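Undergrad: Spelled out from the first residue to the last, the chains are:
Number of protein chains: 2
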Amino acid sequence: MTEKKPLKQFLMIPGPTPIPVRILAAMNREMIGHRGPVFSRILGEVLDGLKWCYQTKNDVMIFPCSGTGVMEAAVVNTLSAGDKVIVCNTGNFGERFIKILKAYGVVVDEVKAPALGKTINIAELETKLAADKNKEIKAVFMQQNETSTTVLNDVKKIAEVVRKHGALIIVDAISGLLTSPLPVDEWGLDVVLSGSQKAFMVPPGIAAISMSERAWKACETSKLPKYYWDCKQQKKFADKGQTFTTPPESIIFGMHESIKMLKEEGLENIFERHALVTKAVRAGVRAAGCQLLADDACASHAVTAIIPPDGIDGETVRSEMRKFGVEVAPGQGELKGKIFRIGHLGYVDKLELVATIGALELLFTQLGAKGIEIGRGPKAMLEMFS
Amino acid sequence: MTEKKPLKQFLMIPGPTPIPVRILAAMNREMIGHRGPVFSRILGEVLDGLKWCYQTKNDVMIFPCSGTGVMEAAVVNTLSAGDKVIVCNTGNFGERFIKILKAYGVVVDEVKAPALGKTINIAELETKLAADKNKEIKAVFMQQNETSTTVLNDVKKIAEVVRKHGALIIVDAISGLLTSPLPVDEWGLDVVLSGSQKAFMVPPGIAAISMSERAWKACETSKLPKYYWDCKQQKKFADKGQTFTTPPESIIFGMHESIKMLKEEGLENIFERHALVTKAVRAGVRAAGCQLLADDACASHAVTAIIPPDGIDGETVRSEMRKFGVEVAPGQGELKGKIFRIGHLGYVDKLELVATIGALELLFTQLGAKGIEIGRGPKAMLEMFS
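Line order of the protein sequences matches chains A and B.
Under our numbering, the first residue of the first sequence is numbered 1185, with each subsequent residue one higher.
Under our numbering, the first residue of the second sequence is numbered 1185, with each subsequent residue one higher.
None of these hints come from the bench; they were simulated from the model.
Don't take every hint at face value.
Claimed, not checked - No more than 30 Å apart at the CA atoms, straight line, and that leaves these computed lysine-lysine pairs for DSBU-like: (1) LYS1286/B - LYS1268/A; (2) LYS1192/A - LYS1444/B; (3) LYS1283/A - LYS1424/B; (4) LYS1522/B - LYS1420/A.
Bear in mind that the values here come from a model prediction, so they are computed numbers and not experimental data.
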């Protein structure tokens, strides 16, 4: 007898998310000339659609890269070596900003969350900015949603504090965009990053960056070396309906369809959908004997970090859940083994999450965890949907 | 009556090339966990397949980017600011290397082709290298195939000259790989670049870079700032079956199928196929009243730059050929309008090229060119295939 495999896959990682067949079908298309009129129209509609998602009139540009690429673009287009910046560090992707900044010789100070799973103390940032009388701090970097600790940072409040000082506010919204509100113009955000493989429900391959007028002004004096990530070049080409270098056409066809689907759903409904599954997953895993890394008050709407019942390793959960066809995400850095993460952004339905929590209860029971009552997690979740 | 449109598209640009349905079908797949075992196996097979294409035992790494991305990676992984290099400059992509190098503060000398459409004078390179008694020249950059002027450079001979001096030889083979032989180990090439959208017949979205032991040694002392393009990180992750940042899975599924198809065909057959269509296109356009920019002796096997009959602008050819559903490529830089280009790499069949040349003859006649005899081009080509 051949080995039995799960019939279906449940991809519960914080991106790539499952892809709707409608988007796969749109991607499943011949290549066209990327300097011709048909491609120009599609690209224009994608860039306009991104502005709608960002709720902004700022320029939005796309690059062929993973999310980290536009994190680097945000750095090299706004700063010079020796410039001072602050990073609001709530986990692995805060650390990544620090590594990129240091690689380019930028002087980094940080406001670090008191523990993994907490957000930063905004008063601490306020004090640091207030002490900078000579306005030497050029920019403040932050994650909207810190994927590693599953913390949703208070972008609105932090942006207010930063705008009062006058530094640029640079927001990595790669995993967060569309999962909770981020009105870029209303909140005055200078640089905002996103990626195709997150709530857009498109495979990885392009990432976007918005630049405010203030960011463009900083770009004029920025001396960090840049060629591939040069936003001015990318903007120049966007203005004539093209991309600076060869675009990943399939991914752009996918983004084109994604924008249509998102507009059909509407921003408010998208935010509400993500808020609901977040609440449900948190209730479900608690009922299934787990603890949560992030507080309810700063819980990510994209992904949830879960501390398994006593004696069960997060990496065991990750490998054993594959028996059920469920792919969850590991803990990163020092959280490896201590937690596992369930992604619930993009094309993940609330009922799939009910099933996932049910499978978790089965697994915990098989692994000998105490006090698990099978069905309690799904029940808690289903009651929320009525 | 609705506007009549061509039934079919003939994509005759030097990448993206048309995509075989077999590759589109392989790409048309659900996302999977990119840090899980299934993805690891696929990635491993893609990287092994790339080594087969490169004919190398060197490490080959992939990045989510267009070709320009790995041009930048080649620079930042091997050099430091103030280092001296030579660029063999035969056109637009030679210029691009120069721009990237200068953006990072590298001191660039160049050996420039005497005219657009010519290859470089290798003796000139030899003299420059011989004069460098203190071995200050760290690397020589070149294109295997210069896409803008459609020149095939003599990589073997240039590499011999460079190896004698001891500098690194860095080859942009993005449009050239697989269109003509490039045995990386036999020729001792230190860094070699390629891109998914060229002879691999896959949409744009990933690019590859190989690094020899000497290149890795240079990497150890290289001080140029790098994070996204850090080959050491990419290698570290490749060794555990992963990519450094989120991979464009669809493109990698496409590359996986591409490698299977290329292996079924065999390297010798792939080279022969490209050599044959090159010869046929050149004969066909000559018979259709055109001239060729590049000499036969250094003719690209990927793309052909064509000077249209007297009085016809290359940009007119480009826009008017769309009536027939044929997309050709424009002249770049100072060649704009003076030439147009026909791509014949990857998934382009010799009979499609016969049809394209036939359509060109029709167009030239409509535009009033003198001495065009309809059918002469296709005849010249078909006779070659017998």
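Undergrad: Could you check the structure against the hints above and give me the numbers of any it violates, in ascending order?
TA: Result: no hint breaks.
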